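**Student:** One letter stands for each residue in the lines below.
Number of protein chains: 2
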Amino acid sequence: MRRISLTLLAVLAVLNLFGVNGAGAQSSSDPLASWREGPAKAAIVDFVTRVTTDGSPDFIPPADRIATFDNDGTLWTEQPMYVQLAFALDRIRELAPQHPEWRDRQPFKAAREGDLKTLAAGGERLVVELITATHAGMTTDEFAAIVRNWLASARHPRFNRPYTELVYQPMLELLSYLRANGFKTYIVSGGGVEFMRPWTERIYGIPAEQVIGSTIATEFEMRDGKPALVRLPQIDFIDDKAGKPVAINKFIGKKPVFVAGNSDGDLQMLQWATAEAGLRFGLIVHHTDAVREYAYDRDTPFGRLVTALELAEKNGWVVADMKESWREIYPPSGR
Amino acid sequence: MRRISLTLLAVLAVLNLFGVNGAGAQSSSDPLASWREGPAKAAIVDFVTRVTTDGSPDFIPPADRIATFDNDGTLWTEQPMYVQLAFALDRIRELAPQHPEWRDRQPFKAAREGDLKTLAAGGERLVVELITATHAGMTTDEFAAIVRNWLASARHPRFNRPYTELVYQPMLELLSYLRANGFKTYIVSGGGVEFMRPWTERIYGIPAEQVIGSTIATEFEMRDGKPALVRLPQIDFIDDKAGKPVAINKFIGKKPVFVAGNSDGDLQMLQWATAEAGLRFGLIVHHTDAVREYAYDRDTPFGRLVTALELAEKNGWVVADMKESWREIYPPSGR
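As you go down the protein sequences, you meet chains Y and C in turn. Using our numbering, read the first sequence as starting at 1 and increasing by one per residue. Using our numbering, read the second sequence as starting at 1 and increasing by one per residue.
It should be emphasised that the hints constitute simulated quantities derived from the structure, not laboratory data. All values reported here derive from a predicted model rather than from experimental measurement. Take the hints with a grain of salt, since some may be wrong.
[Said to hold, decoys possible] Below, a sample of chain C positions facing chain Y; criterion: calculated Cβ distance under 8 Å:
{"no.": "1", "residue": "THR140"}
{"no.": "2", "residue": "TRP199"}
{"no.": "3", "residue": "PRO207"}
{"no.": "4", "residue": "THR218"}
{"no.": "5", "residue": "LYS226"}
{"no.": "6", "residue": "LEU229"}
We put the CB at the ideal spot given by N, CA and C, even for glycine.
Extracted from the complex, chain Y is given alone in its bound form:
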């Protein structure tokens, strides 16, 4: 059996070489067709091959093939602002007539006017105030419906496409490739878990139970004689930075072996997962393509990337340079 699979591997390697030499005549069966040949793609394929080859010293049993992905800026576009912030601003505008007390108060004034500078300068406190004002007071079922409705009509200001179409085609392929190789793929995002769950299965193939994110407190109560969970205006947990390893441990109870992120919010998740003795994979998406998407790292309020990039080489994390590594950015429209 061992010999047969090695032969098979050799055949696959030769086929792959042909693909490379064919310069652009990419085989349609390449599971990572939107990744250009280069160090990032090669490292991914090498890792997956080694940890899934029976008898390999790097073999990882399927039960431990846990892969965690940040969402904003790693799986979909986070500029000119987090999608969830765009949702919150729209909610403020929609709810404003019922809240005259918001008229001259911050952060509501800035939210109504789309004044990102003031919002960004206000830090976490302002964001928390915005979130609790717009994401609470309804049942969990009602909130999921609000999110679905908004996503159906909202459009990205620059690309004029639904936000759920502005997901990265190479990352969709990576998710599928990992799953085809026995990995369980998770989202571990600073975004609200209930903002993501209504659509992640359809868009990413990631079911609700594999989405980890920030949470608002909820309370069980009887509403009209029917049990319901009501969302309270109170943050339960912020799943960012050092919160990411904490949440992964709490929700999954296993250390991921493959981690992908794009900002310093993913630093501790990368450190924690890749410090293990066995073969591990850390991926950083570096936004370098101002033409097809955005170019940013140091100077941005959304998705700031400094320390994780500095520590990448020392820790063996693979940096995917968007402009160089990705043949396509987004999937075709209207899929």
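Fit chain C to the supplied structure of chain Y, relying on the hints for placement.
**Tutor:** Same frame as chain Y, but now just chain C:
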């Protein structure tokens, strides 16, 4: 295709009838062989058949086949005390020499003396003090090793068997039966999640990521230059009563369609899951067998069952009377 599977169902039904008429000559292929023929078993089989039959008005897609099980008293024995409490008492005895300040203080004195009356009377406050004193201060990896070591040597005081052998054979079969029918099985327990995860895959076939429980706060830090999660002496969440729907929503993001419990701690989980319009299943294990296990409901500090039992009929929850419904209680020794 439809006609073929109906024929197959008819054949299976006939085979099942033979099994019943054979009075005890239970077919070895019966997935619920340890359940006696009767209303509980019939209700389970009927539910699973209806929700998994393509084209049935009660059909539930596989992605929504979420089944949640309480652990203590539902999957394993919780008398004469919760297993985790036995663990905490042993930890207190082990750590006592390093803690002279515990000598005359409660709850440590009661813990050392195994004085359950004092411990039970102290309520949640005492339990929290015991847990934080014995379950914190180490990394998550270290704690998992402590749990594994303890379980390998600890024995139940009455049955003199490892606690992980005192799991209910009929419930093991039910878990397997549900999984074979496309259900994803979860534990949703008041017990500590990190007390369960080291062994649930081996004993129940439930992987760590499908175990939800009470949690202690953890903190990400660098220990000897290596990232670690350290357990803090601080309760993060108690996954009991109204906390169970809250935790299920937070961790899974879907309402279960099959719920099993044995105490009033499972009441809100039962209410929340079975109030939905579609076909749902609520199961209550009623401990009625003092000879083979224990008989208790109203008068016990561990696993008190009053309200959920009173509301069972009105809500259509199925009560499995342990003495009547279960042919076997435990699996054979040393499996």
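**Student:** For every hint, state whether the structure bears it out.
**Tutor:** For each hint, the structure was consulted:
no.: 1; hint: THR140; result: 6 Å, holds
no.: 2; hint: TRP199; result: 12 Å, violated
no.: 3; hint: PRO207; result: 6 Å, holds
no.: 4; hint: THR218; result: 5 Å, holds
no.: 5; hint: LYS226; result: 5 Å, holds
no.: 6; hint: LEU229; result: 5 Å, holds
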